[in-house]
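Going down the list, the protein sequences come from chains G and U.
Just so it is clear: in the first sequence, position 60 is 60 by our numbering, and no numbers are missing.
Just so it is clear: in the second sequence, position 516 is 516 by our numbering, and no numbers are missing.
A couple of the hints might just be wrong.
[Claimed, not checked] Taking lysine-lysine and the PhoX-like style, the derived pairs with C-alpha atoms no more than 20 angstroms apart in a straight line are:
#1 U:K422 to U:K404
#2 U:K289 to U:K312
#3 G:K5 to G:K60
#4 U:K305 to G:K45
#5 G:K81 to G:K51
#6 U:K232 to U:K49
#7 U:K60 to U:K272
#8 G:K71 to U:K305
#9 U:K151 to U:K519
#10 U:K374 to U:K232
#11 G:K60 to U:K305
#12 U:K519 to U:K155
#13 U:K500 to U:K512
#14 U:K151 to U:K171
#15 G:K51 to U:K512
#16 G:K45 to U:K519
#17 U:K368 to U:K339
#18 G:K45 to U:K512
Quick caveat, the hints were computed from the structure, so don't treat them as lab data.
This is what each chain is made of:
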Amino acid sequence: MDEMKDVILEYVTEEYLEEDDDEISFDTPLISGGIVDSFSMVSLKRFLENKYSISIPDDKATPEAFDSVNKIAVLVQEFVK
Amino acid sequence: MSNIGSYEDRNKDFDWSLAEKELGYKDGDTINIGWYCSDRICEMGKADKTALIWEGLGGKEKSYTFNEIRLASNTIGAFLRELGIKAEDRVCLFMDKIPELYIGFLGVLKIGAIAQPLFSAFGDESLFVRLDNAKTSAIVTQRKHVAKVRKIIDKMPYLKHVIVVDDDGRKPLREREIAFSLENAVPVESIEIHPTKAESASVLHYTSGTTGQPKGVQHVHYSLISQYLTTKWVLDLQDDDIYWCTADPGWVTGTSYGIIGPWSLGVTQCVKDVGFSAVGWYEFIQKRKVTVWYSAPTAIRSLMKAGDEVVKKHDLSSLRHLASVGEPLNSEAVIWSEKVYGLPFLDTYWQTETGSMMLTNFPGMKVKPGSMGKPFPGITAAVLDAETFEQINEPGKVGLIGFKPGWPAMMRTYWNNEETYKGKFKNGWYLSGDRSSIDNEGYFWFTGRDDDVINTGGHLVSPFEVESALLEHEAVAESAVVAKPDEVNMEVVKAFVTLKPGFEASVDLELKIMNFIRKKLSPLAMPQEIEYVKSLPKTRSGKIMRRLLHAKEWGEEIGDTSTLEDDE
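Bound-form chain G, shown alone (with noise of 0.2 angstroms):
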């Protein structure tokens, strides 16, 4: 689990933070907090369902499951086998 809240901590650093925004955290609200928008949350859906081999249900991937790193994790940890 915390591999895993490493590794989407990096990707959502790497593709959705600006060169001087503040580090984020596993706890940094993503979505409520504009860091990513619902429409970019489809990418990083995308990312997620190719690196962990899962695919997430659309009526899971709401915008709140997805507003921290902690709560990606704990869905996606849902549909891991």
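Starting from the known structure of chain G, fit chain U onto it as the hints suggest.
Here is chain U on its own, set in the frame of chain G:
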């Protein structure tokens, strides 16, 4: 009693001079939106009334009275003037929904410069084409967005100043960059308001078309007349209202109805500069006691998805009037909002080019869920035959939506693109690019776009712009971009691509291409799906037939394929 009273009565002998009179404007007078939205309200005795309540990340809150808005916009205007910004220079506002965006907009207008707001999620390429088209003199932005400007600044010798509103001194600014802090600046009590006239350019908003680069829609200060009156009659804003427009001023709704409309009426508005969450939005309404809420179908459908239970956990009893804009509001959303909020969302239809509402559902009018409503008084609207551009009078028959030019907020041109502007008019009508029918009671019913432009979450995306950007990716040989149906956003971007030799189709590559477009253009333009194909359908002359791909996505008849190159 609503401000409009009877729609039928208002239509009788309607004249825009009614709004001129209320605003104390006479033909030939100076008319400056910046002054009307701040100084005039103070002169009316509302200097100490709250103009803006702002909430940002991490629970940050700020509040401004109309007098503070007046002083702050003077201060920004004076700063720009000192830098050498002159009347008609273009000043880009490239910020999140922070107070400096709203106040800076007025400051730019006060000195007679042209405000060019741009959506802060735009990537460097999207930013560049818009600044380059306008030959923008200055950009006002935040530290977090400076990196995007730095990537392109060497290509823009005309861009003299990059003004950073939240510089903290941690990293040195570069050439042409300058810090400005509204909080630390000495308030400027009075500045000379530039004597703009009715036809003086005010705002430049960029919108996308099917072909070519984005178009700069140029508005004038006289647009205030219809923005003021439509806000009063359609949004029904009254003196004690707390108004929330969820739109970003990077787009036209956020300026026409997120700045000009409410503040020209002296109404308190609140702004939430935080991403979407149903709970967050309901908490905001509850805490701020929002009375009038102007939002978008995509947001409403997202709230529908979040369910009814979360609504019940909040006290939303302050709400008294709801309206929607951006894309057609489906009947289910109207019915649902009436069920859960006790109020239907009333759809409004207008465009960047129209500058103000054209077809709307008015307070007190019978609501037909799914309909765009009826023309605003003073607006002559019709559906037109696509070949002859003659008016169709048969109820239920679909045609192009056309408007008789002449309302105050109508665009005056496309910046540096008069030819395309002229092409928007046929047989004395302005063509909106949308299709609809009119029923036997005069209600308009949207049926679709008349071109390939993609309306995603209420924002127009040009397939051409995305296709061009896709070709810049090292793996992409050819591309075609169409709209794909989407439950929440109505449409999303879908790309079909062929790959160059040496590249293999994979999910990993799809993700890389998606992110490439997201960063280069914007999250809105990012294809939500990429389909790898061996070849794209083309005419014998080599033109990609988007129509076929679109039909496939929407399960429609493919139609005439006689000009198709091959059918593989």
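Quick rundown of the hints versus the structure:
{"no.": "1", "hint": "U:K422 to U:K404", "result": "14 angstroms, holds"}
{"no.": "2", "hint": "U:K289 to U:K312", "result": "16 angstroms, holds"}
{"no.": "3", "hint": "G:K5 to G:K60", "result": "19 angstroms, holds"}
{"no.": "4", "hint": "U:K305 to G:K45", "result": "18 angstroms, holds"}
{"no.": "5", "hint": "G:K81 to G:K51", "result": "13 angstroms, holds"}
{"no.": "6", "hint": "U:K232 to U:K49", "result": "18 angstroms, holds"}
{"no.": "7", "hint": "U:K60 to U:K272", "result": "10 angstroms, holds"}
{"no.": "8", "hint": "G:K71 to U:K305", "result": "19 angstroms, holds"}
{"no.": "9", "hint": "U:K151 to U:K519", "result": "12 angstroms, holds"}
{"no.": "10", "hint": "U:K374 to U:K232", "result": "16 angstroms, holds"}
{"no.": "11", "hint": "G:K60 to U:K305", "result": "11 angstroms, holds"}
{"no.": "12", "hint": "U:K519 to U:K155", "result": "19 angstroms, holds"}
{"no.": "13", "hint": "U:K500 to U:K512", "result": "15 angstroms, holds"}
{"no.": "14", "hint": "U:K151 to U:K171", "result": "17 angstroms, holds"}
{"no.": "15", "hint": "G:K51 to U:K512", "result": "13 angstroms, holds"}
{"no.": "16", "hint": "G:K45 to U:K519", "result": "17 angstroms, holds"}
{"no.": "17", "hint": "U:K368 to U:K339", "result": "15 angstroms, holds"}
{"no.": "18", "hint": "G:K45 to U:K512", "result": "13 angstroms, holds"}
When each numbered hint is compared with the structure, no violation occurs for any of them.
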